[in-house]
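S.K.: Just so you know, the sequences run in chain order A and B.
With full-length UniProt numbering, the residue at position 183 of the first sequence is 183, and numbering never jumps.
With full-length UniProt numbering, the residue at position 157 of the second sequence is 157, and numbering never jumps.
Calculated directly from the structure, the hints in this document are not laboratory data.
As the structure is a prediction and not an experimental result, all values here were calculated from the model.
Beta carbons: idealized from backbone N, C-alpha and C, even for Gly.
Don't take every hint at face value.
[Stated by the list, open to error] Quick partial rundown of chain B residues pointing at chain A, CB under 10 Å, derived from the structure:
#1 Leu5
#2 Ala8
#3 Ser9
#4 Lys11
#5 Val339
#6 Ala345
[Stated by the list, open to error] Just a sample of chain A residues kept apart from chain B, beta carbon distances all over 12 Å, derived:
#7 Asp3
#8 Asp28
#9 Ala71
#10 Ser74
#11 Thr215
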Amino acid sequence: MSDSPAVRLSEVTFAYDQSGPPVLAIPDWSIPRGEHIFLSGDSGSGKSTLLNLLGGTLTPSSGNITLLGEAFSSLPARKRDAARATHIGVVFQQFNLISYLSVKQNIAAAAYFAGRNYRHIDGDIIELLDNLHLPANTLNVRADSLSVGQQQRVSIARALINKPELLLVDEPTSALDTRARDAFMEVLTSVATNSAMLFVSHDPGLADNFKKTLTMRSLNEADKERQS
Amino acid sequence: MILSLATASLKNRRGSVLLTVFSIVISVSLLLSVEYIRGQVKESFTRTVSGVDLIVGGRTGQLNLLLYSVFRIGNPTTGIAWQSVEHLQNNPSVAWMIPIALGDAHKGFRVVGTDNRYFDHFKYGSKQSLTFAHGGAFSHDKSAVIGADVARELGYSIGDDIVVAHGLGDVSFKKHDSHPFTISGILAATGTPVDQAVYVTLQGLESVHEESGQQALRKPISRKHSIQHDSDHAEHDDHHTDTDTHTLSDVPPDKISAVMLGLNNRVAALQLQHQVNQYKQEPLMAILPGVALAQLWELMGNVEKLLLGISALILLSSLVGLTTMLLASMRERRQEIAVLRAIGAGPGTVLWLIQAEALLISSAGCVIAFIAVSATLYLSADWLSSTYGLFVSGTLFTPATAIVVVSVILATWLVSFIPALAAYRRALHSGLQHP
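Looking at chain A on its own, in the form it has when it is part of the complex (with noise of 0.2 Å):
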């Protein structure tokens, strides 16, 4: 099972209109554990599809996905759910912290719907922020208080708690200028050393972070055929 990828699609397809054509098809695609992949694409090109099914808050019209060798498009939703928590870490176009919600509390609860015991989790916590350039006393500081670069690294931090094997990013830098975006990717790099990563941005700007890049257009053959 540690051969196999973090995670694989195969033969996937998604439509939101049954009747309708796919707005996503890959035949076979998959990202080896530890793995950064940039991916890139214009809007419409079905990169917020395949992020919600390789989060699994989407699942497929046909076709498999697998997380770690085992089913997870097939699970049921609960277990889907349970499973996200544990293997996948998210972070969002706008980190998205709970802002009424205390540094800690944001990060305790991902350890939490993981099954953890939040309760013992703040040594990981601690030296997450640390990993991070976060200041220890910033723990249970309220999220909407802290400055932008920080709640750009409580977003990572919440994300990489549960040491998860697939990291999913989207589009994380769109509202940062070029030093702040080059200070979030030395960061985001250093830190999901052992995750495989999906990067998914419109910026080509972003591409030299990583060995490995692809665009929507090569991945997605619905996008090829609406292309063509």
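Assemble chain B onto chain A, guided by the hints.
M.R.: Frame of chain A, contents of chain B only:
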């Protein structure tokens, strides 16, 4: 974690949450108060008389006899001749009896003609005997014993003279000014109608009415007993001013209003009741106080149900307010729900989170209401007892109030499904991207 998430979420919306909690506090307080006061009124009501197995009076309605003999409400339509009373007394089943004569008042308080057996045998609450706060029972024919409320409201003390008036109003034009009674005792408070009456001797009351020409209910049907004592009466009347202020005579009255009976064996109550109801010499009626009290309470229960119904409607409106508040927050919580989903929360978790918030609001409302009602009852206990004769006792933690609280929590849980299902549906369709 769900609870800490729910608590933090509620703190974040503290303005609307506090208003909702306040509305629930009001409605739960009303429900608790109604339920508690109802229990206390019922207890006060049922504690008015205890240990009396039968009450016998002139033939009338069961409730009328109970009302005038125990609660001093209304008047007897007819009385019992003393010879009938003696007949009852001679019944081997009867252990003791208390004669009662009604019809007079003192400054708005009912005057009860009786004898010292009243203080010996009458019981209230859980078979508690009457006790004297000051002084003692009748020592002569012109003795009077007053209830605790009478003493407090009129400021009487031992040795004061009081004058009874014919009729029941606060103001009477037929006062027996020349025949004052002297207070010999003040009863300790009981929380029953006992506190609100003036007790005088049957003989004193009889002599007052005979001399003032007011025979009222005491006109004899049969004078057999009196005939035997005509000469005694004449002598007694001649010297009553001297004798009735020094001795306690045992000259019986001609007629009284009712008699309370204690039996040697309570099993005999039904049999004796039947005998009394079939009594040939005079139309009499016997009632079992417990049964009559239950019947009376049943009549009063409709008011209680109405109050409870109104309180329940107020609670319902509060719960609708709670639901509305949570539903209104759903729009602003789209992002929050999406984030929770992305980090692994299932739709069921989101549903439970919203329900936990509703239950926290409702529980906080119940706790605050409990404290508020307890404090209010504690602080107003004296006022309730003096103004309404309602003795507040014990704790608010009763099975009945527990049922109220559990019902409120259960109702909250049920109505919280409305916003929770809205959140659940939103969670089902929520993707990993920011909304």
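S.K.: Just want to verify: A/Thr215 was marked as not at the interface with chain B; is every Cβ pair farther apart than 12 Å?
M.R.: Given that every Cβ of chain B is farther than 12 Å from that of A/Thr215, nearest at about 19 Å, it holds.
S.K.: Can we keep the B/Lys11 interface hint, with Cβ of chain A closer than 10 Å?
M.R.: At about 7 Å, which falls below the 10 Å cut-off, the nearest Cβ of chain A leaves the hint on B/Lys11 intact, so it holds.
S.K.: Would the non-interface assignment of A/Asp3 survive a Cβ cutoff of 12 Å against chain B?
M.R.: 26 Å, holds
S.K.: Regarding the assertion that A/Ala71 does not contact chain B, is the least Cβ-Cβ distance greater than 12 Å?
M.R.: Its Cβ never comes within 12 Å of chain B, the nearest being 18 Å, so this holds.
S.K.: Should the interface hint for B/Leu5 be scored as holding, given a Cβ-Cβ cut-off of 10 Å against chain A?
M.R.: Holds - the Cβ of B/Leu5 comes within 10 Å of chain A, reaching about 7 Å at its closest.
S.K.: Using 10 Å as the Cβ threshold, decide whether B/Ser9 counts as touching chain A.
M.R.: Holds, about 6 Å.
S.K.: Against chain B, does A/Asp28 hold up as non-interface, every C-beta pair farther apart than 12 Å?
M.R.: 23 Å, holds
S.K.: Can we confirm that no CB of chain B comes within 12 Å of the CB of A/Ser74?
M.R.: The claim stands: A/Ser74 keeps its Cβ more than 12 Å from every Cβ of chain B (closest is about 17 Å).
S.K.: Do the numbers back the hint for B/Val339, that is, is its least Cβ distance to chain A under 10 Å?
M.R.: 5 Å, holds
S.K.: Under 10 Å, Cβ to Cβ, is where B/Ala345 needs to be relative to chain A, so tell me if that hint holds or is violated.
M.R.: 5 Å, holds
S.K.: Under the criterion of a CB-CB separation shorter than 10 Å, is B/Ala8 in contact with chain A as hinted?
M.R.: 5 Å, holds
In this structure, every one of the numbered hints holds.
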